[in-house]
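Chemist: The chain contents come next:
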Amino acid sequence: MTTALSARVARFPFPFATDSYRYLTNVEPARTPVTTAAGGWGAGVLDVDDDYAVELAERAAVLAADPTRCQELPHMRVASWDALTTLLPELAAACPGETSLERDGDRWTWRNDLLGTARTFTVGDDDSLPEGPLAFLGSQIQDDVVLLDQREGALWADAGLVTFAADWSMGFDVGMRFLEVHGPVPRVHEAGVVQRAERFLMRLQPGEEYRRTNWTMTVDRRLDTSTETYAEWGRDRRLVVGDPALPDRLHLRVEVQHLIRLGVSNAICFLVRTHLLSLRELATVPEWRQRFGAVLAELPDDMADYKGLTRFRAAAVDWLTAG
Amino acid sequence: MTATLTAPGALRADDGRLVLEVAGVVDEVPGTRTLVLRRPGGGLLPAHPPGSHVVLDCGDRRNAYSLTGDGSPCEEYRVSVLLCPDGEGGSAFVHRLAVGDIVSASRPRSAFAPVSTARHHLLVAGGIGITPMLSHARAAVRWRRSFELLYRHRPGAGAHLDELRGLCGDRLTAYTSTPEMLAAVRAALADRPLGTHVYVCGPTPLIGFVEETAAELGWPGERVHAERFSADLDAGEPFTAVLARSGSRVPVPSGTSLLTALEQAGVAVPNLCRQGVCGECRVPVRSGRPLHRDLYLSETERAAGDAVMCCVSRSVDDELELDL
Amino acid sequence: MGAEHTSVPRWGSEWPAPDPSARTVLLVGFGARGCAITAAWAADVPAGRPVEVLAADDADESVLAVLTARIAGARVGWRLMLAGPEDDVLAARAVALRAGVLDAEIRCAVTSTDRKRVYCPHCRATTTTTAPVAGETPCEGCARRLHVYAHVSRRAGAYLGFMADAEEVA
Ligand code: HEM
Ligand code: FES
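Residue numbers (our numbering), protein chains in the order written: chain L, 163 to 485; chain S, 153 to 476; chain Z, 105 to 274.
Hints were generated in silico from the structure; no laboratory data involved. Some hints here could point you the wrong way.
[Claimed, not checked] Footprint (simulated), chain Z over chain S, 3 or more residues, beta carbon under 8 Å:
no., stretch
1, 170-182
2, 462-468
[Claimed, not checked] Label pairs and their calculated CB-CB ranges:
no., chain 1, residue 1, chain 2, residue 2, range
3, S, 226, Z, 121, 46 to 56 Å
4, Z, 121, S, 355, 30 to 40 Å
5, Z, 121, S, 407, 47 to 57 Å
6, Z, 124, L, 210, 54 to 64 Å
7, Z, 115, L, 266, 26 to 36 Å
8, S, 226, Z, 137, 53 to 63 Å
[What the hints assert, rightly or not] With a straight-line cut-off of 20 Å between C-alpha atoms, the simulated DMTMM-like cross-links for lysine to aspartate or glutamate are:
no., chain 1, residue 1, chain 2, residue 2
9, L, 469, Z, 269
10, L, 469, L, 370
11, L, 469, L, 329
12, L, 469, Z, 271
13, L, 469, L, 417
14, L, 469, Z, 272
Note that the Cβ used here is the ideal one computed from N, Cα and C, for glycine as well.
If we strip away everything but chain L, and leave its shape as in the complex, we get (with noise of 0.2 Å):
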């Protein structure tokens, strides 16, 4: 095992609590450090890995090959602001050697030498920020952005940037109502998962931040399994069950998801930031072997068919409880 394996491993943020899994409103506080048997994850809202380059640079690719990743209805302006000077100051006080943040009123000046940029903005002035203040935050930070907008007794997903969705498109869920955008899931509507945690969300108020998890698995280390791809990821669904390296390219993907209200524009700000550990890298810790191969043999079918499980499931589950 290399050691930048077993960082992987250490902040890993291992999703189950016990041998069986249902979808719940899985909220909790942002910002509160969790113990897991291989490390730990969870002190702070952005969390800065040795992938970040490497991320970043993915997602500009994925941009420039389709800029539809990238969605803002003219009236989510404002809030795109306020997610970028929310976060990049979060960013210089995660990062304090490599960046820095200046600011002299509305004029701030971001250098981040983990990329090389540096670049100076008026804070509400469009020709400051050609590329626009939500294209140039997803540029500095590995999570998925998509800002909701709160009116008429609901929440609408009127802005993102989306280049590593699990299985959703970013460009079609553009103006949905957050019931409409979670349309597709099994069991969470019946359930009253989805409504009430709509409730929860128009309760937040300014500044406050709560987190939940959401996992699913992804053949290899792709982090782009968006709908708008799936013409070329799909085949590895069914190529990766005979394919002897099974373990190596099968990943546990974990998404941690942020919830933020932010002050300015009073946006919710949705964070997802998704962690990939392929099940030789899992199965270094003991417990989690054994925990991720009960959950994934006692999963509901239609869970499983949803998250797109189905075809590698039972292969799945006999390397886990082969161990």
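Following the hints, put chains S and Z with the ligands in place on chain L, whose structure we already have.
Modeler: The following block gives chains S and Z with the ligands in isolation, referenced to the frame of chain L:
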């Protein structure tokens, strides 16, 4: 605009309060005082949407006051307080504050934000109801939103009038006569572009007039917004939790959640959100009527009364017997 | 899927009536059945409220351009009512929503749900089809076989399609 909340502890326990110093006292017009509040050591205060308020500790009560800034992160908050002759609402307390005094305030709370999709914002204010509208107007100027402001004030007592004239120019129309103001409001409601939203803050009859006239003129409720201070979870009445299995009695004071009281008594209860939404902290009830305040239980489960989400819910009766 | 909460619109079995609080109304009918409904609505709007009725074969560019112009000139109190096949109603509703009209200001009567517009995220073309939800249609843009998904965008007025055989090994 001011609202009085019943008792101290009206906000959630984890609502990290702000300690603020009175950095300036400005007497706007007779009877209306503006407080400038800062962190004692300086530094940025939390940003807030236009129309937000803070809840100030005013001696034995807590009062909500609108913030009048545009909401961008800055080093000072301003609130304007009308001295009520009978001293109701804690205004006398505020009027006694002097530069250098320390007050405790909630973080900003938002319940009256502008609608971002609006094509035009029609702001209607009466009297001290101007305070959230000043915030709206400032933010509209900063973010270049289309707006107009109709403001009724007593002759010679127009709080913030000069400031508003400078800020709004001809987008402000001020009235000292109520019939003229109401006629202007009606005329505006009768003919504004589709996509307009109307916002009103002021005396109850003004709010009623705007709501009724708007409805009569075909405005859907979604386009009409009145400032009402949100009913936060209040501190609640004290009660006693009786633990059926151990027989022990756990007092739950006002302002302390049942979950916290149980934890302090050494009873561990699983929990996650502490907001009544995740469903983790459900506790079975044997007797006594729960006062449900969560978002988790269904109507049927609430009516059954045999379980309570202990992070936010309380008891109607003096005693609540739990199966713990 | 929870019937009331999916993004797929559920049209009530009864047609709505004009909103009594409307001050002016625009009625748009698509096809003969749609136009019969708008005629009945026109008779039901309380006297003294201006009503305009547009009739079209389908939601083509010219009728959508008229709709856009009417919205641009409308004052608060204006209401929109749409009647006809689902694909036309969704397309017209999308134009209105994008222009800032609220759900509360739009009422719809859908006369059939046979035809759908299906958006292909792989090539971004939109195909009109009579395939049912969970059925398949070839994409007019990229010729891929598209699975018609139970997911509808209010802004696009279209169903989501995705490659039906992406997981097949050639
Ligand atoms: C407390 C808040 C939330 C809860 C409880 C929640 C719950 C869920 C659940 C259970 C799923 C299914 C995931 C799976 O099995 O892989 C899901 C999917 C999803 N969620 Fe959320 N969610 C929340 C917030 C959000 C927010 C703020 C957004 C932003 C728009 C969002 C966007 C999505 C999307 C796009 C999907 C995929 C839907 C599809 O298949 O098309 N969620 N959510
Ligand atoms: S802790 Fe989440 S409902 Fe009580």
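Chemist: For every hint, state whether the structure bears it out.
Modeler: Structure-based check of each hint:
no., hint, in the structure
1, 170-182, "violated (count 0)"
2, 462-468, "violated (count 0)"
3, S/226 with Z/121: 46 to 56 Å, "holds (51 Å)"
4, Z/121 with S/355: 30 to 40 Å, "holds (37 Å)"
5, Z/121 with S/407: 47 to 57 Å, "holds (51 Å)"
6, Z/124 with L/210: 54 to 64 Å, "holds (58 Å)"
7, Z/115 with L/266: 26 to 36 Å, "violated (56 Å)"
8, S/226 with Z/137: 53 to 63 Å, "holds (59 Å)"
9, L/469 with Z/269, "holds (17 Å)"
10, L/469 with L/370, "violated (30 Å)"
11, L/469 with L/329, "holds (8 Å)"
12, L/469 with Z/271, "holds (14 Å)"
13, L/469 with L/417, "holds (13 Å)"
14, L/469 with Z/272, "holds (17 Å)"
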